[in-house]
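Input sequences plus hints: build the corresponding full structure.
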Amino acid sequence: MTKVTMTVNGKSVSAEAEGRTLLVQYLREGLGLTGTHVGCDTSQCGACVVHVDGKAVKSCTVFAMDVAGSEVCTIEGMANADGSLGVVQQAFQDHHGLQCGFCTPGMVMSSAALLAENPRPSESEIRHYLEGNICRCTGYHNIVKAVLAASGQDAGAMAAE
Amino acid sequence: MHNFDFVKPSSIADAVAALSSEGAQALSGGQTLLPTMKQRLAAPDVLVSLTGIAEMQGVCTGEGGLHIGAATPHAVVARDAAAHYPALAALAGGIGDPAVRNRGTIGGSVANNDPAACYPAAVLASGATVVTPHRRIAADDYFQGMFSTALDEGEFITQVIFPIPHKAAYVKFNQPASRFALTAVFVAQFSDGVRVAVTGASNNGVFRWTEAEAALSSDFSAKAISDLTVAADDMISDLHGSAAYRAHLVKVLTGRAVTAAR
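These protein sequence lines are chains A and B, in that order.
Position one of the first sequence corresponds to residue 0 (numbering that gives the first Met the number 0), numbered consecutively onward.
Position one of the second sequence corresponds to residue 0 (numbering that gives the first Met the number 0), numbered consecutively onward.
Just so you know, the hints here were simulated from the structure itself, not pulled from any lab data.
From a predicted model like this one, the values you see are computed outputs, not experimental measurements.
Virtual Cβ for every residue (Gly too), placed ideally from N, Cα, C.
Don't take each hint at face value.
As the list claims (entries may be wrong) - Cross-link-like lysine to any residue pairs, in silico, SDA-like; alpha carbons within 25 Å at most:
1. Lys166/B / Gly126/B
2. Lys37/B / Glu130/A
3. Lys37/B / Phe179/B
4. Lys37/B / Gly29/A
5. Lys37/B / Thr41/A
6. Lys2/A / Gly51/B
7. Lys2/A / Leu18/B
8. Lys54/A / Lys7/B
What the hints assert, rightly or not - Stretch-level coverage of chain A by chain B, calculated; a stretch enters the list once three of its residues show a Cβ under 8 Å from a Cβ in chain B:
9. 15–22
10. 36–42
11. 46–57
12. 60–66
To be verified - With the C-beta cut set under 8 Å, the calculated list includes, among others, these residues of chain A facing chain B:
13. Ser109
14. Ala112
15. Tyr128
16. Glu130
17. Gly131
Structure (structure tokens):
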């Protein structure tokens with residue numbers, strides 16, 4: 000075991016890790032940040048998406064040691080400083096962008112990464128960008144609405160399907 | 000997965016030294032290698048990360064065309080190659096999903112030579128050069144069958160150099176679950192002829208469709224290949240598509256790529 004140090008949600012942290020320790024294990028088991036979920040563990044589902052140096056990555060498919068020293072942001076870092084929900088989180092709540100909620104941390108992190116790159120995405124751009132995030136409840140329609148709303152666009156105008 | 004020692008050199012020379020030990024394996028973005036290790040299909044003693052080597056990052060123009068550092072993620076190629084080689088940038092922007100594209104690298108994809116991966120088609124159709132610490136390998140000599148390449152034990156890719164064609168396009172028939180190519184075709188038109196590379200279709204991995212190259216070199220239009228046929232003998236057959244279906248796709252997608260080329 001080696002001590003691995005990185006910045007998570009703005010704080011310098013360190014925890015023991017082996018070579019094979021995945022970033023998601025480091026976050027959940029090493030740091031107790033269990034908001035990041037493991038769905039498929041095969042990089043298909045996106046429940047484990049976090050940001051590493053500002054980019055969305057699947058934390059089940061990255062070794063913790065490979066991102067030592069990086070800036071990591073997880074779902075726990077998405078709330079505002081006063082503890083209230085961040086813009087994307089609030090939009091998911093307002094538009095019921097979750098059913099069971101298991102995929103939600105990854106959906107929120109991917110959506111935030113999209114909005115950082117493309118502040119006013121179209122419905123089709125949102126659906127395309129979220130293709131690596133799977134919602135087993137198939138709650139996509141309200142998820143897309145939530146992302147539209149988070150970007151300041153009129154989610155009510157989206158066609159019902 | 001089995002445990003291993005993890006090392007992350009910051010120079011090509013240090014990576015060469017680290018990979019010279021027995022049981023050492025290069026790690027790039029890990030988007031294929033990690034799942035493979037989880038299934039215990041690979042169990043290296045030492046994993047040598049290539050993502051901390053600054054000289055293996057980035058896209059720039061130089062002698063022989065577009066130079067892409069082997070550890071450059073797909074998302075960076077999609078962005079930074081767009082002005083120089085749009086078909087290559089579009090290919091990079093269609094691999095996997097956004098999170099995979101932020102980690103997966105061109106060098107990892109080309110070294111792995113998955114029979115359904117996108118990059119091998121671009122490398123072969125462009126007549127690119129695969130650069131390692133010791134030598135340069137022409138694309139025609141590099142790909143040696145499914146998951147097989149000219150790389151020696153411990154050898155790794157540092158850079159890929161792409162000659163830039165007049166016109167090119169990559170058309171991928173997506174396998175929506177894996178996001179790999181069910182079949183895909185890269186067509187590139189150079190002043191001395193046309194090259195056509197097919198991925199996702201053959202049991203032997205990426206290959207050049209030389210009959211189409213000859214026809215397209217004299218007439219660069221979709222109708223130039225209308226009388227050609229593709230043999231299904233060596234094609235992959237699985238639950239997603241039969242060998243005959245893939246053979247059919249090769250011709251259809253080649254025609255579409257020629258029409259889309261710019």
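Now for the hints, and whether the structure bears them out:
Pair hint Lys166/B plus Gly126/B holds up; C-alpha atoms about 14 Å apart against a cutoff of 25 Å. The hinted pair formed by Lys37/B and Glu130/A meets the criterion: a straight-line CA distance of about 23 Å does not exceed 25 Å. Simply put, Lys37/B and Phe179/B have alpha-carbon atoms about 20 Å apart, close enough for the 25 Å limit, and the pair holds. With a CA separation close to 20 Å, the supplied pair Lys37/B and Gly29/A stays within the 25 Å bound.
For the suggested pair Lys37/B and Thr41/A, the alpha carbons sit about 8 Å apart, so the restraint of at most 25 Å is met. At roughly 19 Å between alpha-carbon atoms, Lys2/A and Gly51/B fall within 25 Å of each other, so this suggested pair holds. Using a Cα cut-off of 25 Å, the hinted pair Lys2/A and Leu18/B holds, with the two alpha carbons roughly 24 Å apart. Distance hint between Lys54/A and Lys7/B is fulfilled; the C-alpha atoms sit about 20 Å from each other, no more than 25 Å.
Beta-carbon proximity to chain B at under 8 Å applies to 4 residues in the segment 15–22 of chain A; the threshold of 3 is reached and the given coverage holds. Under a criterion of three residues with beta carbons nearer than 8 Å to beta carbons of chain B, the stated coverage of the segment 36–42 of chain A is upheld, 3 such residues being counted. Coverage of a stretch by a chain is defined here by at least three residues with a beta carbon nearer than 8 Å to that chain's beta carbons; for the segment 46–57 of chain A and chain B the count is 6, and the condition holds. By the rule of at least three residues with a Cβ nearer than 8 Å to a Cβ of chain B, the coverage given for the segment 60–66 of chain A holds, with 5 such residues.
Taken as an interface hint, Ser109/A checks out: its beta carbon lies about 7 Å from the nearest beta carbon of chain B, inside 8 Å. For Ala112/A, the suggested interface contact is upheld, since its CB lies about 7 Å from the closest CB of chain B, less than 8 Å. A least Cβ separation of about 6 Å between Tyr128/A and chain B falls short of the 8 Å threshold, and the interface hint therefore holds. For Glu130/A, the suggested interface contact is upheld, since its CB lies about 5 Å from the closest CB of chain B, less than 8 Å.
About 3 Å separates the beta-carbon of Gly131/A from the nearest beta-carbon of chain B, less than 8 Å, and the hint is met.
Every hint, counting from the list given before, is met by this structure.
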